[in-house]
Structure formats: C-alpha cells, structure tokens
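Chains as they are written, first to last, in the numbering used here: chain A, 1 to 151; chain B, 1 to 175; chain C, 1 to 658.
Among the clues, some could well be false.
To be verified - Lysine-lysine pairs mimicking DSBU-like chemistry, simulated, CA-CA at most 30 Å apart:
#1 A:Lys69 with B:Lys51
#2 A:Lys32 with C:Lys513
#3 B:Lys23 with B:Lys117
#4 C:Lys519 with A:Lys19
#5 A:Lys32 with C:Lys471
#6 B:Lys36 with A:Lys98
#7 B:Lys144 with C:Lys513
#8 C:Lys519 with A:Lys74
#9 B:Lys23 with A:Lys98
Derived from the structure by calculation, the hints contain no laboratory data.
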Amino acid sequence: MPRLLAVLLVAFVLPVSAKEAAPAAADPVLEKRVMALSEELRCLVCQNQTLAESNAPLAEDLRNQLREKMREGKSDKEVVDFLVERYGDFVLYRPPLKGTTVLLWFGPLLLLATGFAVLMRRLQRRRAAGGPGVSDAERKRAAELLAGGER
Amino acid sequence: MTRFAIPVAIFVALLVLLGVGLKLDPREVPSPLIGKPAPHFELPQLHEAAKTFSERDMLGKVWVLNVWASWCVSCREEHPVLLDLAASGAVPVYGLNYKDKREDGLAWLKGMGDPYKVSIFDFDGRVGIDYGVYGVPETYVIDKKGVIRYKRIGPLTPEIVKSTLLPLVNELDRA
Amino acid sequence: MIPELGQLAAALALCLALAQALLGLVGAARGQAVWMAATRPAARGQFAFVAIAFACLTVSFIYNDFTVAYVASNSNSALPLHYRIAGVWGGHEGSMLLWILMLSVWTFGVTLFSRQLPLEMVARVLGVMGLVSTGFLLFILFTSNPFSRLFPAPPDGRDLNPLLQDPGMVMHPPMLYMGYVGFSIAFSFAVAALLSGRLDAAWARWSRPWTTAAWCFLTVGIALGSGWAYYELGWGGWWFWDPVENASFMPWLTGTALIHSLAVTEKRGAFRSWTVLLAILAFALSLLGTFLVRSGVLTSVHAFATDPTRGIFILALLAIVIGGSLLLYVWRAPAIGLGGGFEPLSRESLLLMNNVIFAAAAGSVLLGTLYPLALDASGLGKISVGPPYFETVFVPLMAPALFLMGVGPLARWKKASLPDLASRLRWAAAAAALAALALPFAMGRWGAMVALGLLLAAWVAASCFVQIWEKVRNASGASGAWARLSVVPRATWGMLLAHFGVAVFVVGVTLVKGYESEKDVRMEPGDTVEIGGYTFRFDGVRDVTGPNYVAGRAQIPVTRNGKVVATLYPEKRIYRVQNQPMTEAAIDTGFTRDLYVSLGEAVSDTAWVVRVHHKPFIDWIWGGCLLMALGGALAASDRRYRLAARRQPEQYAAAAAR
Numbered sequence: 001m002p003r004l005l006a007v008l009l010v011a012f013v014l015p016v017s018a019k020e021a022a023p024a025a026a027d028p029v030l031e032k033r034v035m036a037l038s039e040e041l042r043c044l045v046c047q048n049q050t051l052a053e054s055n056a057p058l059a060e061d062l063r064n065q066l067r068e069k070m071r072e073g074k075s076d077k078e079v080v081d082f083l084v085e086r087y088g089d090f091v092l093y094r095p096p097l098k099g100t101t102v103l104l105w106f107g108p109l110l111l112l113a114t115g116f117a118v119l120m121r122r123l124q125r126r127r128a129a130g131g132p133g134v135s136d137a138e139r140k141r142a143a144e145l146l147a148g149g150e151r
Numbered sequence: 001m002t003r004f005a006i007p008v009a010i011f012v013a014l015l016v017l018l019g020v021g022l023k024l025d026p027r028e029v030p031s032p033l034i035g036k037p038a039p040h041f042e043l044p045q046l047h048e049a050a051k052t053f054s055e056r057d058m059l060g061k062v063w064v065l066n067v068w069a070s071w072c073v074s075c076r077e078e079h080p081v082l083l084d085l086a087a088s089g090a091v092p093v094y095g096l097n098y099k100d101k102r103e104d105g106l107a108w109l110k111g112m113g114d115p116y117k118v119s120i121f122d123f124d125g126r127v128g129i130d131y132g133v134y135g136v137p138e139t140y141v142i143d144k145k146g147v148i149r150y151k152r153i154g155p156l157t158p159e160i161v162k163s164t165l166l167p168l169v170n171e172l173d174r175a
Numbered sequence: 001m002i003p004e005l006g007q008l009a010a011a012l013a014l015c016l017a018l019a020q021a022l023l024g025l026v027g028a029a030r031g032q033a034v035w036m037a038a039t040r041p042a043a044r045g046q047f048a049f050v051a052i053a054f055a056c057l058t059v060s061f062i063y064n065d066f067t068v069a070y071v072a073s074n075s076n077s078a079l080p081l082h083y084r085i086a087g088v089w090g091g092h093e094g095s096m097l098l099w100i101l102m103l104s105v106w107t108f109g110v111t112l113f114s115r116q117l118p119l120e121m122v123a124r125v126l127g128v129m130g131l132v133s134t135g136f137l138l139f140i141l142f143t144s145n146p147f148s149r150l151f152p153a154p155p156d157g158r159d160l161n162p163l164l165q166d167p168g169m170v171m172h173p174p175m176l177y178m179g180y181v182g183f184s185i186a187f188s189f190a191v192a193a194l195l196s197g198r199l200d201a202a203w204a205r206w207s208r209p210w211t212t213a214a215w216c217f218l219t220v221g222i223a224l225g226s227g228w229a230y231y232e233l234g235w236g237g238w239w240f241w242d243p244v245e246n247a248s249f250m251p252w253l254t255g256t257a258l259i260h261s262l263a264v265t266e267k268r269g270a271f272r273s274w275t276v277l278l279a280i281l282a283f284a285l286s287l288l289g290t291f292l293v294r295s296g297v298l299t300s301v302h303a304f305a306t307d308p309t310r311g312i313f314i315l316a317l318l319a320i321v322i323g324g325s326l327l328l329y330v331w332r333a334p335a336i337g338l339g340g341g342f343e344p345l346s347r348e349s350l351l352l353m354n355n356v357i358f359a360a361a362a363g364s365v366l367l368g369t370l371y372p373l374a375l376d377a378s379g380l381g382k383i384s385v386g387p388p389y390f391e392t393v394f395v396p397l398m399a400p401a402l403f404l405m406g407v408g409p410l411a412r413w414k415k416a417s418l419p420d421l422a423s424r425l426r427w428a429a430a431a432a433a434l435a436a437l438a439l440p441f442a443m444g445r446w447g448a449m450v451a452l453g454l455l456l457a458a459w460v461a462a463s464c465f466v467q468i469w470e471k472v473r474n475a476s477g478a479s480g481a482w483a484r485l486s487v488v489p490r491a492t493w494g495m496l497l498a499h500f501g502v503a504v505f506v507v508g509v510t511l512v513k514g515y516e517s518e519k520d521v522r523m524e525p526g527d528t529v530e531i532g533g534y535t536f537r538f539d540g541v542r543d544v545t546g547p548n549y550v551a552g553r554a555q556i557p558v559t560r561n562g563k564v565v566a567t568l569y570p571e572k573r574i575y576r577v578q579n580q581p582m583t584e585a586a587i588d589t590g591f592t593r594d595l596y597v598s599l600g601e602a603v604s605d606t607a608w609v610v611r612v613h614h615k616p617f618i619d620w621i622w623g624g625c626l627l628m629a630l631g632g633a634l635a636a637s638d639r640r641y642r643l644a645a646r647r648q649p650e651q652y653a654a655a656a657a658r
C-alpha cells in the first residue's frame, strides 16, 4: 500500500510541480556582477582560491558585503577600494599598476623586446662576418678525408 | 665575453631571493591599517548586551584589542599569555568576540578566565572585516590618538609580548 | 623488514650513484677507459636498487603497513587497492622517491640506447646524471625518508587525500616526473659537451630524441593535471596559473624552445652555445619547480607538507647543480664557436624567433610567479599575481609564435625569400581570414578575441595542409601521391601533427572561453533548467555509500529536442576518515561540448542548488595536447636516430664539423 501511494505521488505530484528552476540567487543580474568581481579577488583564508569559489566563512561574508555595496549603487572600483583598504593589495589577483609593479607589468614586453634586439644584432653581425671561418686544423682534416676517401 | 656570465649572475640573484623567501611566510597578510586611525565601531558588550562600546571610548589611552572566538583552537594557546598581560597591568586588554554565539563566548571566558576589561560582541563579523581580520586570533595595539600601531596575526607568545608589544606600549605611553 | 630493506636499497643506490658519478666524470677527465666502461653497470645497478626501494614502499602500501609513518599518513585500510598504490606518490617523501625512480629509469634508458656514442661522451653524461641522483638520494635519506617507522603504529591510516582518489591522480605525477626528469638528459648532454670542450651538430643529434621524449611526457603530464583539475575540483576551470602549475609550465616552454633550437643546431650546427644554455635552463626550471612545491616559499593548492629544512637542502642542490653548470658555461661556452651562417630571413632565424618568444614567455611566467616573493623579500609590500595578470600577458606573447608556426616550416634553410613564402601561403592566409570572419557566427555571435584565436589556429592548420600538399606535389622520383608521402621522414610528420595539435588546442581554448555559459539554480525534484539547447531535469537526491565515503547522489537526465542525451549523477561526498566533504561533478563528454553539472548545498529537505555548465569544444584543449605529444613521439622515433647506430662516431664528428 505505501508503495502504491509513493508511485502515485511521484506520478502525479512530480509533473504538476515541475517547472523551470529559479536562479539560486535572488537577483541574478547583481549576482553575475558580484561573481565576476569575486573571480578577480583572492580568498584570504584558503589563499589559493578566488573569492568566487571559496566556501570559507570569511569568503561568504565578503561576498555578502560585495552584494550589499553593489546594491547600494557602489561601483566596482569603490567596492574593490573598500577591500584593499582593509586587506591590502594582497586581495587583488590583478596586481594594481603602481611604482612597485611597473617591472611586473612591463617586464614581459621588455623581455620580448630585448630578446628580439639581441637576435637582430646577432643576425646582422653574422651577416657582416660573412659566415663562420673554417679553422686550419679543420681544413687539413677535410683535405685528408677528401684525399683518402671514407674510412 | 661577459654576456656568458649573465645567466649565472641572474641565477645567483634568484638564489638569494629564494633563500630570503625561506624565512618569510607567504600566507601572512600584513595589515594596511598600521599607521591609520582605528575604524569606528559601536558594538554591544558581551557581558551586558544593553551597553555598547566604541573605540572612541579609549581615546587618550594606549590599549590592546584582541580578536578571539570560542571556536578558535589557537586562541586557547594564547589565552594564558593574555591573562598574564592583563594581570601585569601594563596595558588594558579589550576583547572582540568574533562571529560567535553569546552563550559560547561567555562560557569560554568563564572556563578559561577573562583577561579583558570589556569584551565586545561582533556577531556578524563586520567590524572584524573593517579591521582586516582574516584569521583568529589577531591582536592590535592602538595608541592615544586612536591610531593602530601594530598588528599581530596569530597567537601571542611571551616572546612577542616581551620583545615587541610591551616596548611599543611603553613608547606610546610616553608620547 | 620490508621498509628496512627499502631503506637499505636506497642507501645502496646512493653508493652506486656516487660511483657512477665518479667513474664517469673522473674517468672521462683522465681518459681511463676501464673506469668509463664501468659507468654503465654502475648506472644499471643504481636503477635496480632504486626500483627495489620503490617496490618495498609500494608493498608497504599494499599490505597496509601502518608502522611506516608515510603509509600511515597517506593510506587507509578501506582505500581501494589501486589508490593504495597511487598513494605511494601521494605525499612528499614518496613522490620524491618516484622522482628518483624516474631519474633512474631514464638513466637506464641512456645505458641501453647509447651504443653509438663515443665512450667518453656516455661516461660524462652518465656521470652528470649520477651526480644529480646522488643529490636527490642524499635528500631523501637525510630529510625525507619514506621508510621512517612510527611507534606505536596507529590502528589505521589517515587516508589518502580524497582529492587524490581519482584515476587522473594515478597517472599525472608519473607522467609529469618523466617529463621533468627527462630534461636532465638534455642537461647532462649539455654539461658533458661543455666538459669535453667539443660541441658539434652530432651532439644535437644525440640529444634531440631524448629531449623530445621528455617534452612528450611533460606535455601529457600537464594535460592530465589540467584535465584532472577540471574533472575533480568541481569549479569547471582547467588552468589557474597556480605557482605549481606554473612550475611545470616553465620547463615546458623552455623545453619547447629547446627542441626547436636543437633542430637548428643539428641541421646547421648553429647557435650551439644558446642551445646548451637552454638545456641547462630547462632542467634548472624543473629543479626550481621541485623547490617551489616543497619548500613553503609560495602558497599553492599543490604544496606538499612544507618544511624549511627541506627547502634549504633543495636550494643547496639547485645552487650546486645549476650554479656549477652555469659557471662551467661561463668558462667553456666562449670556445664553442658559431657554426653555419644564415640570412636574417631563413628557417634558422624564424626558429630563433620562436626561441625568443618562448624564452620570453617562460621568463614572464617566472616573473609573475616570483614577483610577490621579490616584493615581500625587499619589504615593498605584499601583492598577489593571479590569472588576470598571466592571461593579459601570455596571449599577446603567444600570438606572434602562432603566426611564425605557420611560416617557419616552409622557410628554406640558410636563406628564405619573402615573396616566395607569401605566395605559397596565400591560400592559408585566405582560409584563416575566412575562419576568423565566418566561424564565430556559427557559434552564435562574433567577438574580436574569438576571431583572433580562430584566425591563428586556422592559419597554423592551413599551413600544415600546405606543407603536406607541397610534399605531394614536389617530391621527385616517386610516382603517385601516396608514394610521395611515404618517403616523408617520420620527424616531419611528427612536426606537422604537433603543430596541428597546437591549432586544435587554440580552437578549444578560444571557443570555450568565448562561448561557455553556466547557470546557478535552485531545483526541486521535477524542476528543469535549460542551457546551450540542452534541458536538465532534477530528479532528486539519493543517499549512496562508497568504499570509503557516503554521498548524496543526484539524478539528472539531460535531453535535447526531447531526446535523452545522457543521465548525470553529480555527488556530494563525505570521506569518512578525514571527514572531508567533496563535490564530485558529473560530466557528459562530447566532441563539440561538455555538459558539466555540480551539486551545491541542500537549501531545504528536497531542494538543492545545482550548477550547470555548457562548455563548447573544451575537450579540444586536451585533444590538442595529446596530438602534440603524439607528434613529439613520432619525431623522437625517427629512423635517422636509430640508423645512426650503425655509423661510427668519428665519422659523425667529421660530417658535422662542416
């Protein structure tokens, strides 16, 4: 009897209550903004996850703070400044461009440019030198080989 | 000729960096609030919920703010150190009960001893966030003008109290 | 008994490694043929004893010997057999032993396949590898002994980290270490060449297959790690620019530069000192990676239980091995000489541009990874450098490399002509432009970044086809397309396949980043959610029990246009021993898309938060990596490396001195 009841329940209740699932968040548009920003922030507790992924209590609290502030109308920059004021630049996965990070942001370009410059110089020098010289010892050896044939 | 020496020069610099790195703690997040005014708060007290406490109440005095919670394991380690510090009378110690349940916090203090002049109750952790708290326990030294002068992340040890905290408090007292 | 045997075997291996090093290096320096000849047996002996030690540790795991501290902290009696075996490399000590095992396997390989090398060269190569083995065996025996006993023995072990209880875990570290460690061969060849003072094109010919093989393993290892993270960690990402991921990526980038540089050195004898330096750097980065993961200097998801003592030891090892070889480089490299000349536009110069780009890329990853440490060490503050930085910096670096990948293989050696190249590639350029303009619309909408990615990928792929077509058309003598293609050397097919693999990889990355979508929804039983044209229905969650966990398993049938495509079973597991919760995502893999579902929290008695992702073409990422590795394997097994066994070494030296 309970079995029949269960089957009937599933057969009738399920289709009737089936619907398009509601988004988990109350305000999906705001949530998207919160998550997008959280992806660029570092969880201070786990430290190897973004604020978006982390399940740590502090991460949830901070996400809530983000939500609140955005709802109040604060811009992304204001929200980020709020966090940096309290936790420093450590909380940003995208390091800010300041005096101490100039080398970081321009380093790759500098490396590439230096590499190409060195390569170009080396190529020009090679061209000017007209190819490598063959040493006298090598000349002698070559002559021997040519004269004696392959061993 | 010297270009061949560039790789080894860079390598030596790298070794020095890594050697120094072995002594550092990559997980520690230093506080940007050092040298800045302590963020304002007004929170209910742990023992008497009707009364509030604010950092402004402490202007003109040098004081220590210790962030703790009954669920925090390391807080047990540092508690004897705090009790000693409070007993010595060198500096008043105030507690911020962070994200805890009132009953749990009260029970913990009852069982472990209460070094705090006043314990403040930060239920949702917002004041903690304002102070840049990310891991309990944390301890702040705040001067007469209400500026944060020092933050210790992690449990207090007798060495730290002796070598860093007390000298700083003395210096600030004289100022 | 068995752990003590293992420890003894490791100690004997150390003695043999030391013997191998001394016999090889001192023997070669003094020209003592007997000593040099003894290097091979010493190396083989070392391999045998390392294998015994590893076997002993494995046996301890299989039979749940919890008196061994390492077994107790990484295993459990309820752990299934295959994970007990994988647990051998689940922690620091065991994974170091695996490292050493891989090194001895490669060493053994060198003893087998080095008949055609002059004895002096073999002795030196084995000698250097012996030094590295000695260093690591000392490290294990003195700071990271996997055989340490634990008294009293705990009744049961602390279990393998649930994150590691996965098939990917079984394969990822061995493949990765085969790659890391394989670069030690190129390194040893480079140091041997510097020591002997003789560095010619033959050296490059000997080095190349070993280096390519190591590169293949590293490619597979990294791909496995990325695929495993995607599959296992539940957030749908596949690359996080985590310090340890970067630690494996830097040797890969340098290794890629190295295999291309070896091509120039082998063919034309040019840029020898640069190739030698690259070989040293590739292995240096492998060692640096080992240091970063185990010293605690950087935080990472991967970091093993860290210990500054170990960090100091590895740093010392790094200083001696790499510092020593770089000093040797300062001393000997100036004598190496230039080699064949070539024009500013030629295959050589294009390959060297590839080198510059890959070296700059490796340097940039190193910069980003170590910069926070550098600032902290100089007291300039604490920052984080994460994916936003690396992605901003890496893509512009790789774009020119992809462009060159299409041009380089068509350029002639020594002197190439720009009009000639342009004319041969005009159809490839057209195909690329068409792909960039039209294909995005097929995916739904046009975007600049997607177009760029598709442009470069199509360019590379089209260039591969142009090269094949030219071979069909141009090959002289043989008749018929098939005959013409069959004379193309295996190495060329390897190159074509690997480059094509890169194109496939780029397509995967571009399309997944451009068009992936996800929805985070609250579902009651019977609710549906639609994404990417697929409908997911939540049928509720059932309790299930696994060998060492309990879980809530959801049933989610997926339909498209009314037809059932798959049924997915995401789980929320709790592993009993460590009481650790884990999300087990359910993935439906497809050639053109992945459907990825993970369970969030239960928000009521019946309702759960469910996250569904649609990831178009994501498997092309790992498919591309697999093609790259296969291409490398083809190239490494080219006939000329095996045929060379017949030739006399002196003839080689003469032939290459041109």
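(request) Given the hint that A:Lys69 pairs with B:Lys51, test it: the Cα-Cα distance must not exceed 30 Å. (result) 29 Å, holds
(message) Holds or violated: B:Lys23 and B:Lys117, Cα atoms, limit 30 Å.
(response) Violated. B:Lys23 to B:Lys117 sits at ~36 Å, over the 30 Å cutoff.
(request) Measure nothing beyond the straight line between the CA atoms of A:Lys32 and C:Lys471; if it is 30 Å or shorter, mark the hint as holding. (result) 52 Å, violated
(message) B:Lys144 and C:Lys513 were given as a pair; does the straight-line alpha-carbon distance stay at or below 30 Å?
(response) 54 Å, violated
(request) Given the hint that B:Lys36 pairs with A:Lys98, test it: the Cα-Cα distance must not exceed 30 Å. (result) 21 Å, holds
(request) Would you check the hint for A:Lys32 and C:Lys513, treating anything up to 30 Å between C-alpha atoms as holding? (result) 16 Å, holds
(message) With the threshold set at 30 Å, check whether the alpha-carbon distance from C:Lys519 to A:Lys19 stays at or below it.
(response) 16 Å, holds
(message) Hint check: B:Lys23 vs A:Lys98, CA-CA at most 30 Å. Holds or violated?
(response) Given that 30 Å is the threshold and the Cα spacing comes to 26 Å, the pair holds.
(message) With the threshold set at 30 Å, check whether the alpha-carbon distance from C:Lys519 to A:Lys74 stays at or below it.
(response) Status holds; Cα separation ~25 Å.
When the structure is compared with the earlier hints, violations turn up for hints 3, 5 and 7 and for no others.
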